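Novice: Please put together the full structure from these sequences, using the hints given.
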Amino acid sequence: MKKTSIPMIGVLAILLFLASCTADPRDDCCIAIDGRRDAPFTTTYLFQYKTGTFDIVSPGNLQGLLKIITEADILTLKNAASTSQLKKNGLISGLVQGLGGPAREVNLQVTDRAGNILSFTSGAKRNFFFNSLGRVPDFLVNRGTGDEGTFTLFNVPTGELFFQITAGGRGNGRITSIDSAVSIGQIDTLPVYPDFVEVLGVISNSSSADLITDGSTTFFGNANPVVANIEGLFILPPEEAIPTQGEFLLRLKAPKTASRETTLRFDTEINKVIGRAQAFDPLTANRLSIYSDERIQELATKAGIPLTASMAIIIGRARGVDGTGKNGVTVVPLDQAGNDLSFNNGSQRIFYFSGGAGESGGLTPSLTRTTSTGRFILFIDSCENASAISLHGFSTTVTDPVARDTGRAIALCQPGGIFEQDIVQINFPKEGAVSDPPIATIPMNGSVKTQTGDKVNNAEIQILGSSVLGSSASTLTDVNGGYRFDEGMPGEVSPLLANSIYTFRTALDENYIPTYQSVFSGAREGARELRLFTTAMRDHCLPSVNINFVGTAVGLGLLDPARGGLSVAGISFKVVQENGTEVGRVVYPGATSETSQTGEFIVCDLPGPGFYQVRASSREDSGALLLRNYADGVSLFDISVNKALPREVLVSGFVEHLLGPELNLATPVGDGVIRVHGLLGETNADASGGFSLSLASNGRYIMQVDKTGQLPSYNYHVETPVLIEKTTITPLKSVSREAVNQIATQMSVTQIAEQGLVAGKVVTRGLAKTGISLVQLSPDFFAMSSGFYDDDSHVDIISISSTGEFSVFLGDGLGGVQEKMSTCPSLGLPLQQVLQTDFDLNGRADLVAISGNSIFLFIGNDAGCFDAPEEITETLLQGKPKALSLADLDSNGFLDILVATDNFEPLIRLSNRGDATFEETKMEGSCGTNPVSVVARQGGSGLIDVIVADSVAGVCEITYDNTAEAAQPTKIMELPEAFDVSGLKTVRSAFLDSDGFPDVLVIHDQGGVAFLGEPPTDITVASIPFDVQFSFPDNFITTSTIVLDLSRDNRNDLLLGGPSGLLFFLGNGDGSFGLSRTILSTASPALSLADLNEDGKIDLIAPEGTNLSLFLGEDTPQENIKIEVRDADGLVVGDIAYLDEAGQFVPDAQQTTASGRFLTLNVPEGRTLVQVIEGGAGNNMITTFVDSLSYLHLNMNRIDPAKILLDGQVINPTSGPNAGIAVENIKITPLSTGLEALSLDVFDDPATEDIDEGRQGAFKLELGATSEYILKLDPQPF
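Basically my numbering = 1-based index in the sequence shown + 5.
No lab work stands behind these hints: they were computed from the structure.
In this text, all values refer to a predicted model and were calculated from it rather than measured experimentally.
Where hints are given, some of them may not hold.
With a straight-line Cα cutoff of 27 Å, these simulated DSS-like cross-link-like pairs (lysine-lysine) come out [said to hold, decoys possible]:
#1 Lys1277 with Lys1265
#2 Lys55 with Lys990
#3 Lys1208 with Lys1277
#4 Lys277 with Lys579
#5 Lys712 with Lys774
#6 Lys130 with Lys93
#7 Lys1208 with Lys1127
Restraint-style ranges between C-beta atoms, simulated for each label pair [as the list claims (entries may be wrong)]:
#8 Glu743 with Gln1156: 22 to 30 Å
#9 Gly164 with Glu1124: 46 to 54 Å
#10 Thr171 with Val1247: 43 to 51 Å
#11 Glu824 with Ala873: 19 to 27 Å
For glycine and all other residues, C-beta sits at the position ideal for the given N, C-alpha and C.
Specialist: So, in structure tokens, the structure goes:
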């Protein structure tokens, strides 16, 4: 190790700790290396080291940096943690890896093979810490992983240990503890987002901003108030944490300050929770203000209002989606009967603020609209407590650009109190000239139906907080069960303000229950189906028949956006009052204790009218909704829930004979005992070999089968899915001693009793070799889409012709589809691009397409297809649309449409209002006028990067905040010299490496390039170099691109379709992809991925000639593959036999048959490497047991070359996982391979010791491609 490469402070730190170590001869002082107690580095084992299809060359490729740990690293953390470390035991450090990056807020449990718990996060036995070796110890986070996702486990017995994620994710893994050494590994996980969150806030005086030191905050549904400290700060503790994805009322009090109680709304929307700056940070409650009596009196005096103690006050702002105040908004307050509260007996009661710091904070009685602050105040002389006050806001701008906006919010009237309520103003599409005041209302029509779908005639419809006919808010349906509300006059807010949520009440006679339901008016006339329940609904609440709420749980689609808005099964609910008391009774139609596939639940027996909170109560699920219980009827609603991935999977399977046919369980082995390594307990198979047990989802397991007369068998191939709750696994294997002796005789060898057997099947993960024909395609097939088009939970398919004709195929959940008589309107125009999403989050797929010079929107309907397309013309877009992408560009929770046009300023943002209507906004910046593809990726600090591929200008990036204004100058993204810009095809944003930042993938005729990590924030940087380049086969033209992990190795893969076929590229985890196989050699202009047969694996749907074919996600046996087996010392061992599909020995076979099956006798006990040596690349590391069978699926890929060069460096990490000090004289040994290398400093000039940083601590090894290794880093004597 060159001392010049280590900062002096690092040398002193190491010497200090080494002195501490060598001065103390206790056994728990240091981990020894070959008995030397003064070694600066400790032997380090790197588990799960994966290779790809290309060479790994450092320092450019971070995978080439191998981390070795120093004694100082260990002692720093050990001493700070006050724990111990015996030489005879091992030490494990690792990383929990999530989707694209480290996973935070994850907890784990570690067990030995028998299931005994070895990890402790508290108490005297504490040995598990959420820290990494080599970093500054930080014990503030003790509930799970921090932002780096790391952990360290001290002083554990040697042997294979089992890591199970218990909170914050789904996943497991294995790492071996080795005496006197450090083991470093990785546990892969899929996220489970927090179901509860703490809250932090500061209470201040509204006028002086002085901190309120005696303030308290009470959250609706929590029993106890939280008291602020002397700095006005409060933190909701973990035991008082509130549900995520919830809405709450906050009540603020200050007993020592003469003031009124202030109430405001607060939400824990899940994206806010996910977006917190650091792990376990609380959410921040902003703008918590106490209004002193003096302050309120000043405002009342300025307004000329005779203030009384019982007067209710509403204070708020009209603001935009971005939070800024909205100028020129007229606020119209109405009570629930539709009475205008702006005046009381001719006296003005609503006032606006002009801003400024003068008397009364700028309240100006003469103002009739908001100023740029957006602030207003309403004085209400008298009201019923908690009665709803509807605040309607509208404004217009008649100068260029002409615009109008509307907004509506509900405040609660509190006699003697203050309610804070903002009104969010949303742009309202203009049609022709806009008047001032504008027409701010929209018409609505629809029908009224019962819970069984029968139309209701003559039902009364009331819109609460609106005036329709004079002071009456009622109308009657016609004889056909239909209704219609007309548009209001300019300046009116009734009957229905645009972009607003209303509560409708439907009623008829004693045979029906008055039904209350929320309806969003939208920005255009639309049909809204209303419900009116018959009294039969009361039977759900027997014996009391007191029905209060009818709800449906709908999912957010966080991990699978296609499922956003769909009903969710498996959710339990409870109802609480404001003080946290649980009340009422929840029943689940068609189920017992949780929602069925319909997502429906019913609340009965609430104690009376008023506000309640409905909360998801099932474990790790979250969602909370405030609802009013009406005395005379029932409330109908949807509640958005964050449904956690299934925690457990019911696993069914069979045990069968190793040496028999695998078809239809021809040779079952019954009455065996099954144990899962790392878990307690056992399961008995029945006489037919069948068994079932529950295992954690998204896991990989070793299942041991014991039976008298059979050799113990250890099955390594068991995996559990994550999106389904039941699965059937590939059969476990068992073999008798007699059968082993028989096949040994056939092989002319003898099985030695002190050795074991290794058997398995060589497979390729991903997709089936051949497709299953689903349906015949139209001759002019252009595109397709898979999603949810009808009322069930099965994936459906829509085929689209080049002229916009739709064919609908409804899925059955078993891998089949049935064509439905299409009710889809035909566009009748050629299409250029089609994208699918659910714009209005109603659980039905929508489409957006480019055709000619316009964009067309196809909104999914109840009939299983689409409404008539809505056109967004070239005039509105200010240019011809050329490319589309979908992203939440304004941070309002709805997917927007990003359009690249041929205009000089080509980017247009179509902001989704939440009802599939859009506001057009031109975005600053340009990347040329010939765009072929556009994509948006979420950057850090709330920034959004827009990347455009232009066939003349090249590829560039523009960075925005949530407005349409560029936050940084445009940056050019550099391409390889061979990539002529005219060959650009598409750009994608995806996680291509493991740093947690979304990357950019550019697809070109010649191949692909990746731009990894965060873009530069330095505004002086004008260009961004590419990081990785890879190539495609000659003359392959790409028309369809999908990035997804199909090989199930936690690295995204690449599917490319085009006129000459369909190609599958394996992802290497570093931004590069290597061609693995050609799936089709026929034209594949469009692709789609979905789990069509609902087995938990992703399937491919692609055109194959004139048919649409299904390629199932499965492990495919591989023939003509030669393997070898090596022991712990790297020696080739064992006697290999290749088996046919009947499980019989094939004499003279040197490679696998079509079955992919093999058997190896006489394998020594211990660590065993099974690897492909001809026909491709791949390996597996298992353990061989004495006189036992170890069975595996040997995962491989048919790639050439089958070897890669690891041209790496050894470093000691100092400031992050990929930064550190290069270390020489370290022996690198890939275990069980017989290979080794030594890290050296390679000098350019030995005389001057000049050295390039990429050649310090350097080494080279040739390893198998697409393989996984354990690397031993062993310090050598100087």
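Novice: If a hint holds in the structure, say so; if it does not, say that too.
Specialist: How the hints compare with the structure:
1. Restraint check for Lys1277 and Lys1265: satisfied, since their Cα atoms lie roughly 14 Å apart, inside the 27 Å limit.
2. About 30 Å separates the Cα atoms of Lys55 and Lys990, which puts this hinted pair outside 27 Å; it is violated.
3. As the CA atoms of Lys1208 and Lys1277 are separated by approximately 20 Å, the hinted pair is consistent with the 27 Å bound.
4. Note on Lys277 and Lys579: the hinted pairing holds, with a Cα-Cα distance of about 24 Å set against a maximum of 27 Å.
5. The hinted pair formed by Lys712 and Lys774 fails the criterion: a straight-line CA distance of about 36 Å is larger than 27 Å.
6. A threshold of 27 Å between alpha carbons decides the hint, and for Lys130 with Lys93 the separation of about 18 Å falls inside it, so the pair holds.
7. Between the alpha carbons of Lys1208 and Lys1127 the distance comes to roughly 15 Å, so the proposed pair stays at or under 27 Å and holds.
8. Checked against the hint of 22 to 30 Å, the pair Glu743 and Gln1156 passes, with Cβ atoms roughly 28 Å apart.
9. Between Gly164 and Glu1124 the C-beta distance comes to about 37 Å, which lies outside the given range of 46 to 54 Å.
10. Taking the beta carbon of each, Thr171 and Val1247 are about 46 Å apart, inside 43 to 51 Å as hinted.
11. As the Cβ distance of Glu824 to Ala873 is approximately 22 Å, the hint placing it in 19 to 27 Å holds.
The structure does not agree with the numbered hints 2, 5, 9 stated previously, though it agrees with the rest.
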